Each structure stands twice: as structure tokens, then as C-alpha cells.
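What follows is each chain in one-letter form.
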Amino acid sequence: MRSLVFIAVMLLAGLCQAVERDYKLKPQQVADNTYVLIGHDEHFSFANGGNIVNTGFIVTEAGVVVIDSGPSRLYGEQLIAAIAQVTDKPVVKLFITHMHPDHFLGNQAFEGLPIAALEKTQDGIRLMGETFNDNLYRLVGSWMKGTRVVAPNLQVEPGLEEIGGHRLQLIAMQGHTGADLAILDQTSGVLFAGDLVFYGRTPTTPHANLDNWQSALQQLQKLDFKVLVPGHGVPVTSEVAISQTSSYLSWLQQYLKKQADSGAAMAELLQPDAPQNLRELAVFKDEYTRSLSHLYPALEAEALADGTVEQQP
Amino acid sequence: MRYRICSLLLLLLATPLGLVAAESPADPLNSVMWHEMHQRLLDGAPVVFDERVQVSAPAVAEDSLNLPLWIDATALGEVKRLLVFAELNPIPKVLDMQPIKAAPRIGLRIKVQQATPVRAAALTADGVWHLGGVLVDAAGGGCTAPSIGSGSSDWADRLGEVTARLWSREHHSRLRASIVHPMDTGLVAGIPAFYLEQLEIRESGGDLISRLSLFEPIAENPVLTLDLPKLKQLTMDGRDNNGNPVAAQISLESQTGGSRQ
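These protein sequences, in sequence, are chains L and U. Just so we're on the same page, this note's numbering is the position in the first sequence counted from 1, plus 3. Just so we're on the same page, this note's numbering is the position in the second sequence counted from 1, plus 408.
Bound conformation, chain L alone (with noise of 0.2 Å):
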């Protein structure tokens, strides 16, 4: 009995130490050029190692053009590794852009390449860029080993840039954070949204502006874009990701105001009365719950200010 279990325990042992981590990344071509890395429509887990989001990347003739580069060192590996699959080009530039961890932790595999983001992109990071490394250790696990945070290095001017024959147009919104890149790639017609825009999947909101974000919206719809490729979920070829993100938005502002202004607690709103088709979004319980606890407290603030209180000596 005893050798069975040792013989059970070595062998766990052996399979553990064979267990390699692999995002199994898979550029799609989405444009001429152009490819994207589509993560899972998922909340970070040990199971998906944190690829729960979009990267893409444009080989030009002067190099590769990265966007983003994914939750961890080791996808940062395995994008470049991905990457020399389709081109044998080097990557010439990185962009990030926003300061959330799964899409700039990927950094350390470009360190020494110019890697572009917004001024407050860069701060953010700098700021919060170990408590989120800290913090997806605690969700992905080993996936994350050796992961340190580089912050990008050079400052994002935004307008027009061109890199080996392709027109990218830098657009500097906010929204989302207090910075979030678009890239319109003028030449391919296909647009980056980044965070912005998340379809078929719920948006998140931990250092969101709503108000802000819906003007973003506005504006990106009126970009001349042939694909958009969103921060999260399938990239689309019409204004359906844009328009399902801003009608998640106002649902989620209104419905919140709405509590706020007739006196709920903030507890007894975690089954919130939702349109079936926000309900269908991938994790809508989870960011749901989470967006409460983001936008909540400053709905209830205003709401709370019209009442009637006077302070006694």
C-alpha cells in the first residue's frame, strides 16, 4: 500500500514538473498584415493563464508593429515566438494601450524595443503596475512566474505615424482608464480599440469614467475602419462592438442611478434586473458584481446629498 502512494506521489511529481505552460497562441489574419491573438471570453483563471485578451500585430516592411503584449512574461515569450511563425521581420515597436495587467505584462519579452503608451498609461503602471503583477499571481498561479513589470519607455504622441508603408493613426481617449489608445491602421482600415470596445463579453470598469467612455464611443464610430478588433471578443467588420459596449454602459448607469436615487443598498443589488440579451454577455454576473463595487459609491454619494440633514451642535 505504502509503495503504491509513494509510486503515485512520483509519479505526480514527474507529471507536474513535465506540465509546460502554452498559451497555444493563433494569429488570425484579419486584413492584409495583420493579425490577431484573440484570448478567452473568460475571467482570469489558472486554466487560461490570463489570456482572457486581444493582441495583434502588423508586419510592415520596416518590422513588426506589436499591439499589446499580454498577461504575463511568458505570453510575451510566446506572442514574439508566434509571431516568427508568420514573419521573419523583428519587432520594431510596441504599443500599449491602456495600464490594465493583461496587457502590458508581457512587456519584459520586448525590453530594450521601444514600447509606446499614453503619458498617464505610462504613470498608471508605474503606480499600480506591481499590485496588479501581485495580483494576477494570485489568480493565474505559476503562469506568471518570473513576470516583473516594464514600464513602456517612450511616451505616445498621438496623430499620425508611419511605419514601413502603414499610416497609424494614434488616438488618445479615455474612458476605460485615464488613457486608452486607439490605433487606426489607415492603410489596412483596420482599428484597435483596445478597451474601448469589448464584444460578447462584459465590459469592465475598475478605473472607468462611463460619461467619458460613451463619448470615446462616439467618436470611434465615426472612424473609417474596415475591421475593429476589440480589446476582448471576436474582431467584427461593423459598429456592432461599439454599439454593444455603449448599450451595456447606459444599462448599467442607468439601473445603478436608478437604485442609488430610490434608496437600495449597495447588497441588495447583486441579482440586478438586466435586458436578456446584456445577460448573455460572457462573465455578466462577475463584472457585474464588480462594477458595483467600482461605480456604486459615487452614485449613492450624489443620491445621498438631496436628502435633508441638519447637523446638531
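The hints are simulated quantities; they were obtained by calculation from the structure and are not laboratory data. Here the structure is a predicted model, which means the values were calculated and not measured. Please note that a few of the clues may not be correct.
Derived EDC-like pairs: lysine to aspartate or glutamate, alpha-carbon spacing no greater than 16 Å straight-line [to be verified]:
hint, chain 1, residue 1, chain 2, residue 2
1, U, K501, U, E444
2, U, K640, L, E313
3, L, K288, U, E470
Covered stretches of chain U (in silico footprint by chain L; criterion: 3 or more residues with CB under 8 Å from a CB of chain L, positions within the stretch not fixed) [unchecked claim]:
hint, segment
4, 474 to 481
5, 646 to 660
A few chain L residues facing chain U, derived, Cβ under 8 Å [claimed, not checked]:
hint, residue
6, A270
7, A306
8, E313
Ideal Cβ placement from N, Cα and C applies to all residues, glycine included.
Put chain U on the given structure of chain L with help from the hints.
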């Protein structure tokens, strides 16, 4: 922490002497601390796990400094005391409420130090505690982080200030009140425990409606939600552990609100 170890030791010593009530029932949440909580917070009194005591909280604390709770024991009828505790917190006790004329339910936000059961115990007139609870996962650290207000300059001027609103509902008045207070736990080096301790809600005439004892784990700038008998005006009086007062009169009439719902 030392207190917890000491009480664990005491428990170990006490067990053979039969000081631990034998009838502490099995815990549906399987918490290692349940038996100790039963002794420490409920004096080993008779308890039943009872679905009529509802604790609503997110399964995961998005913010360890602000875990929202909604506690509802109204299905029990009359409740003498309503106790709320998060048993794996370094300071487990959160709130001790005597509902008196208020409904035995309350909304509040708390700090959590790690994943923990969050429970409510409602004492009925027959001397039995009825328990409800949920497990909440958390990244943690909520009790050993300094309050945000203590890092800014204006909190002292506004200490004890009440922002509140009354809503008239079909069978009761809903009170929501937010009180400026750092609610420091005393577990951060160099920052002593500093928290609201006592609140009393009275009709303007003076009759006591409800009495609350608050403890360190309640989140900074507490926001409390209570259901009271129908009334147009009330007073909220209290103090913190340093004797600073809270005193406010809250009325139904308001410029823009009141009838909005």
C-alpha cells in the same frame, strides 16, 4: 493575532473541563473558527443555522476595504439583537444592533483581511441565536491598510459629519446615512484604533428607534442602510471611541428628493 492565539489556547485548555458547550452545531460553511466564535461572540448560547437569516455579499470582494453586505433577518419576526461578524478577520466583530423598532436588517460595508465567512446572528426572544452566512473570497489586507482619509488634510474638519436621506416606502421609512470617519482598526503601525462606536436613532420626540454598536472592521466613512417605522424626522446621535460626537437631524422633506422614487 496574539489575542487569537491566546483564545485558541484557552479553548484547548477549557475543552477537557467541559466549558465548551457541547451543542455547538456543525457549521454549514465548515469554518475552523466557528466553535471559537460561538464561545467568544455568542457565549456558547443555543444556536441554530437558519435560512431565514440572509447574508448577501459578493462571492469575491472586489475591494477588500469595502465589501458590501446586506443582512436581513426580518423573516424571523421579532429580533432582540443582530450581530454581524467576519470570523477570519483579526477583529471579527463588525456590528451589534438592537433593532428595537427598526426592521432587523441592515446594509453596510466592511473591511476584510482575507477570505472569510461573513455571518449574521439574530437573537430571538426565546434566547436562541439564528445564524446565516456566506463565504467571501478576498485578496485581503483590508484591516491592515491605513484609512484613505487619514492621508488627506480635511477629514478632521468633517469628522462625524452626516450625509443622509430618508425615503418613504409603503410600509416603512428607508434611511441611508453616511458618516465621515476614518474607522482606523489600530492594526496599522503608528495609527491607533479610531472608530465610531455607538449610534442611536430616535424619533424627534425622543423615543429610541434603534441602537447600533459599531466596530473597527466597518469600512471608512460608514454608509448604513436601515428600515425604520414610517416617520418624517429622526435624530442620529453617537460617538467614536475617542468621545467625538455624531449628532444630526434627518428629515423626509428635501428639495429634490423624497418623492423621486
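Numbers of the earlier hints that this structure fails to satisfy, in rising order: none
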